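Student: So the chains spell out like this:
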Amino acid sequence: MTWIWSNGDLIWDRTLDHLVLSVPPILLSFLLALPLGALANRYRASRGVILGSVGLLYAIPSLPLFIVLPVIVGTSARSPLNLIIALTLYGVALMVRVVADGLASVDRDVRQSAAGVGFSSWSEFWQVELPLAGPVLLAGLRVVAVSTVSLATVGAVIGVQSLGSLFTDGFQRGIQAEIIAGIVATVVLALVLDGVLVLLGRLLMPWTRKSSSRVLLPVVTPAAVTR
Amino acid sequence: MIEFRSVTKRFTQDAVAVNDFSLVLPSRKITVLVGSSGSGKTTLLRMINRMVDPTSGSIEIDGVDVATLEPVKLRRSIGYVMQNSGLLPHRKVVDNVATVPLLRGVPRKQARLDALELLDTVGLSRTLADRYPSQLSGGQQQRVGVARGLAVNPNILLMDEPFGAVDPIVRAELQQELLRLQQELDKTVVFVTHDIDEAFLLGDQVVILRTGGLVAQIGSPTEILANPVDEFVSSFVGADRGKRSLHLENHGGDDLVVDSEGRLAGVLSTGTKAGTRSGPGAAAQGGVRQ
Amino acid sequence: MNLFAQAVQWILDPLNYVGVNAIPLRVFEHLAFTLVTLVIASAIAIPIGFFIGHTGRGRGLAVSVAGAFRAIPTLGLLTLVALWIGIGLGAPFVALTILAIPPILAGAYTGFEAIDRRTVDAARAVGMSEGQIVRGVEVPLGLPLLIGGIRSAALQVVATATLAAYIADIGLGRYLFTGLKTRDHAEMLGGSILVILLALALEGIFATIQRFVVPRGVISSRSKVVRVRSSRARPMVNSAVEKGTQ
Numbered sequence: 001m002t003w004i005w006s007n008g009d010l011i012w013d014r015t016l017d018h019l020v021l022s023v024p025p026i027l028l029s030f031l032l033a034l035p036l037g038a039l040a041n042r043y044r045a046s047r048g049v050i051l052g053s054v055g056l057l058y059a060i061p062s063l064p065l066f067i068v069l070p071v072i073v074g075t076s077a078r079s080p081l082n083l084i085i086a087l088t089l090y091g092v093a094l095m096v097r098v099v100a101d102g103l104a105s106v107d108r109d110v111r112q113s114a115a116g117v118g119f120s121s122w123s124e125f126w127q128v129e130l131p132l133a134g135p136v137l138l139a140g141l142r143v144v145a146v147s148t149v150s151l152a153t154v155g156a157v158i159g160v161q162s163l164g165s166l167f168t169d170g171f172q173r174g175i176q177a178e179i180i181a182g183i184v185a186t187v188v189l190a191l192v193l194d195g196v197l198v199l200l201g202r203l204l205m206p207w208t209r210k211s212s213s214r215v216l217l218p219v220v221t222p223a224a225v226t227r
Numbered sequence: 001m002i003e004f005r006s007v008t009k010r011f012t013q014d015a016v017a018v019n020d021f022s023l024v025l026p027s028r029k030i031t032v033l034v035g036s037s038g039s040g041k042t043t044l045l046r047m048i049n050r051m052v053d054p055t056s057g058s059i060e061i062d063g064v065d066v067a068t069l070e071p072v073k074l075r076r077s078i079g080y081v082m083q084n085s086g087l088l089p090h091r092k093v094v095d096n097v098a099t100v101p102l103l104r105g106v107p108r109k110q111a112r113l114d115a116l117e118l119l120d121t122v123g124l125s126r127t128l129a130d131r132y133p134s135q136l137s138g139g140q141q142q143r144v145g146v147a148r149g150l151a152v153n154p155n156i157l158l159m160d161e162p163f164g165a166v167d168p169i170v171r172a173e174l175q176q177e178l179l180r181l182q183q184e185l186d187k188t189v190v191f192v193t194h195d196i197d198e199a200f201l202l203g204d205q206v207v208i209l210r211t212g213g214l215v216a217q218i219g220s221p222t223e224i225l226a227n228p229v230d231e232f233v234s235s236f237v238g239a240d241r242g243k244r245s246l247h248l249e250n251h252g253g254d255d256l257v258v259d260s261e262g263r264l265a266g267v268l269s270t271g272t273k274a275g276t277r278s279g280p281g282a283a284a285q286g287g288v289r290q
Numbered sequence: 001m002n003l004f005a006q007a008v009q010w011i012l013d014p015l016n017y018v019g020v021n022a023i024p025l026r027v028f029e030h031l032a033f034t035l036v037t038l039v040i041a042s043a044i045a046i047p048i049g050f051f052i053g054h055t056g057r058g059r060g061l062a063v064s065v066a067g068a069f070r071a072i073p074t075l076g077l078l079t080l081v082a083l084w085i086g087i088g089l090g091a092p093f094v095a096l097t098i099l100a101i102p103p104i105l106a107g108a109y110t111g112f113e114a115i116d117r118r119t120v121d122a123a124r125a126v127g128m129s130e131g132q133i134v135r136g137v138e139v140p141l142g143l144p145l146l147i148g149g150i151r152s153a154a155l156q157v158v159a160t161a162t163l164a165a166y167i168a169d170i171g172l173g174r175y176l177f178t179g180l181k182t183r184d185h186a187e188m189l190g191g192s193i194l195v196i197l198l199a200l201a202l203e204g205i206f207a208t209i210q211r212f213v214v215p216r217g218v219i220s221s222r223s224k225v226v227r228v229r230s231s232r233a234r235p236m237v238n239s240a241v242e243k244g245t246q
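Protein chains in written order, with the UniProt record's numbering: chain A, 1 to 227; chain B, 1 to 290; chain C, 1 to 246.
So that you can see chain A by itself, here it is in the shape it has in the complex:
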């Protein structure tokens, strides 16, 4: 435990590295998944193609992707940008289906009555469908946040610094406390980001306030998303 007290600075630095790696993919995956998910929800053909592709994308193990991706996009394997792109891809893969399902879950009657009172299809999407799918999207984004934070640690084995560096370093030097500190810091960071998302959700969707009293991890989904 003494290791932790004497290395507070190191843990803090790696936490900052980790934030730089994981926050952009969370935001980007949400932004990119919106149009893709909406497209998947609109037409039968696009649904099959888009959801099929993201399904396959999601099946690709992270470490090989981190190695193959630089060859395709031309970044350096050790650059944080490489990791950010890869994590964004996973986030999109997860989020597109959530967006498609969330939009599909909006009651048909509500949509038709919105059209009936004169919403254009563009304003109907932004003012009716999206807000109503909001709780589902938030739940999905929370899963993305937690899995992204966890997944970012894998980059450490190819030399991208993050909280994962505490695992590789601790393993090579045989310091258990370092690894435990890394795990705890990763989980705490995930919880903090999750909490931020929940707060944002309450701010943006005040009508859900009563029901979403849970501040803990987004739960339920059978598939843990870490790898």
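Mixed in with the good hints, there may be bad ones.
As the list claims (entries may be wrong) - A few chain C residues that face chain A, going by a derived Cβ cut-off under 8 Å, partial list only: (1) 5; (2) 8; (3) 12; (4) 70; (5) 75; (6) 162; (7) 180; (8) 199.
Just so you know, the hints here were simulated from the structure itself, not pulled from any lab data. All values derive from a computational prediction rather than experimental measurement. Backbone N, C-alpha and C define an ideal beta-carbon position, used for all residues, glycine too.
Using the hints, position chains B and C against chain A.
Tutor: Chains B and C alone, transformed into the frame defined by chain A:
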């Protein structure tokens, strides 16, 4: 004969579903429990086959307290038909009907043969036997549900709003079918519904329940319509208004039957001159039958 | 693209098909390791999941444990267990089994929970015993979601088994780490491609199984067959939607 002896059921300390309920349900008759939601009618029904156990009091079938019987065995000896049929979606129609006989150890071949015969009994074509429930219409599914209920040739048939989820035309067909079946089979039927017209059509004995499992009135449809015991019953059966409150008006020598809102319900039959309009007239049979 | 050509050349190089580092051997290792882990994790998770799904007891606990596990970084768990148990196959085996349990558990109980309560109620009312309800109704109807859970676990195990080569001499991940260390891009990239192909193949196999186990009567009632990622997204969507309306 089924007998309820001061049965009370509390789900929680405050929520009393049934309060000190006593009733005798005669054998080979249809007893209908009717009431709005929260009247405890389904709870009463489910206490007969021990899907629910009473908090106090007892239920006896032919003098045997059901609490002394093993629930699974008891349920296999009683037919049960529920709303939305409750069929197993992954088994074919014929296997759904044969479910309970197979559980009781009837050989597979025999059970399937019996099941096919039961499809005849409830008026379903044998060609439907190898379909899955989801491939049938709502009315057909409900008939399969009845066939399953009859599969072990039970003395007692429990029916929990069995026709609640089908459209009115199919419901009317199924009701007639049940009456026909009852003439043939002579079961002790306990039927739960919230539809008073259905209750009066089917019931030999009708039990009107109010919230909290309190009995408002017990009697034959005629007795209840003729002498509603209180305001609640008369408003529940609609005796004070609309299509049930009929009177005669004479127009040019003919006696016309007219309801309280002035709609023509029919003509009072005098020898050759007979006729009832469909629509409101047909629905008025609860009031003018017998 | 030149690098990819080198990687393909590496994959096809006859020299890589002999000795302790032969590709078929490594593929077999990777697969066998994944399979054994899944079997043990299933043996633990499925009975517990069925119990939770049938009785509804312990659900809250299972849900929070599964949620918490998602936040735990796999690399952290792997290295920590390796320090405890020591270098060798034991550590990755324990770590991977632990990681595979939550998705299978969740698949087992959500499969039961997704069944229409009235169907189970009717089965009980006609006189099925609890065991008969589990075997005859809940298991067959819940199977697609259970397979979905195993499928998620398989994806995770295949991926993490690659990472496990960091702490033990096991599977295809070995090529990646050797390549990284010696800066042999062909080996690194070739190994990565093999892992990706293996993962996609497994994904395909499980997708087929999952489609296959949907009971026939159920297919015709749903326009959408329980599919691919649905095990992941749908329960979450459902629960979120339910929450919104309650």
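Student: Against this structure, judge whether each hint is valid.
Tutor: Each hint tested on the structure:
1. 5: violated, 11 Å
2. 8: Since chain A brings no Cβ nearer than about 12 Å to residue 8 (chain C), farther than 8 Å, the hint is violated.
3. 12: At 18 Å from the nearest chain A Cβ, residue 12 (chain C) fails the 8 Å test, so the hint is violated.
4. 70: holds, 4 Å
5. 75: holds, 5 Å
6. 162: Interface hint status for residue 162 (chain C): holds (5 Å vs cutoff 8 Å).
7. 180: holds, 6 Å
8. 199: holds, 5 Å
In the structure shown, a violation is registered for the earlier hints numbered 1, 2, 3, in ascending order.
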